[in-house]
Amino acid sequence: GNSVTQMEGPVTLSEEAFLTINCTYTATGYPSLFWYVQYPGEGLQLLLKATKADDKGSNKGFEATYRKETTSFHLEKGSVQVSDSAVYFCALSATDSNYQLIWGAGTKLIIKP
Amino acid sequence: NAGVTQTPKFRVLKTGQSMTLLCAQDMNHEYMYWYRQDPGMGLRLIHYSVGEGTTAKGEVPDGYNVSRLKKQNFLLGLESAAPSQTSVYFCASSRGLDNPDPLEQYFGPGTRLTVT
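Residue numbers (the numbering used here), protein chains in the order written: chain A, 1 to 113; chain B, 1 to 116.
Errors might be hidden in some of the hints.
[Stated by the list, open to error] With the Cβ distance kept under 10 Å, some of the chain A side facing chain B (calculated, not the full set): (1) Q38; (2) G41; (3) Q45; (4) T51; (5) A53; (6) D54; (7) Y99; (8) W103.
In case anyone wonders, no lab produced these hints; they're calculated from the structure.
For each residue, glycine too, the CB sits at the ideal point set by N, CA and C.
Just chain A, same shape as in the assembly (with noise of 0.2 Å):
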């Protein structure tokens, strides 16, 4: 069946530093993959999606590509800011996946000052 994982957090950085949060997923067929961002006390919001493969998502300074031959789709940043801190989830959206996207359990990003 389909599903996404996502490394575990918190993950905790200082300003400026570099971020990566790791994405894999397993799916049939060519998903559309989705980065969303919680920041405390508010809803969930797009930040950035590939629909296929190779394609590179970017908003905010955020990026992930679609890389289907290692099925991942890692978020990076190269120089991560205190306004970051959120939980960050990764989803896809698979053509028999039931009308539903796939979630991650999300990942908490703390950054320090």
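Assemble chain B onto chain A, guided by the hints.
Same frame as chain A, but now just chain B:
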């Protein structure tokens, strides 16, 4: 566009009381979803709907009912609240099949429910 809105934002119930959470979207989306989020846990799907008049069970449907009488609204009901239903509830919507990015979801701000 307001996007996805949820009413109320906060609520405290006593065990056994009932209530309805309202979700509304103004994006003409076909699909709508109700999730719960508990501390340290990810999202768990309660129920979803793929069109007006349709509903389906998600991962954790017990103790909840839903209705989708109008395309823009998706109601979540708790008939007899229990402390285990203390959680933050999120509603989401997506465009649906035959649209670009049919399952990309747009979320409401959440309802924080406490059952004592």
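Now the hints, each set against the structure:
Because the closest C-beta pair between Q38/A and chain B is about 9 Å apart, less than 10 Å, the hint holds. With 10 Å as the threshold, the beta carbon of G41/A comes within range of chain B, its nearest partner Cβ sitting at about 8 Å, so the hint holds. Given hint, Q45/A at the interface with chain B, holds; its Cβ is 7 Å from that chain's nearest Cβ, closer than 10 Å. Below 10 Å, beta-carbon pairs count as interface contacts, and T51/A has one with chain B at about 7 Å; its hint therefore holds.
Hint status for A53/A relative to chain B: violated, with the closest Cβ pair at about 16 Å, above 10 Å. Taken as an interface hint, D54/A does not check out: its beta carbon lies about 18 Å from the nearest beta carbon of chain B, beyond 10 Å. Interface hint status for Y99/A: upheld, as the beta-carbon distance to the closest one in chain B is roughly 5 Å, under 10 Å. The beta carbon of W103/A is positioned within 10 Å of a beta carbon in chain B (closest approach about 5 Å), and the interface hint is therefore held.
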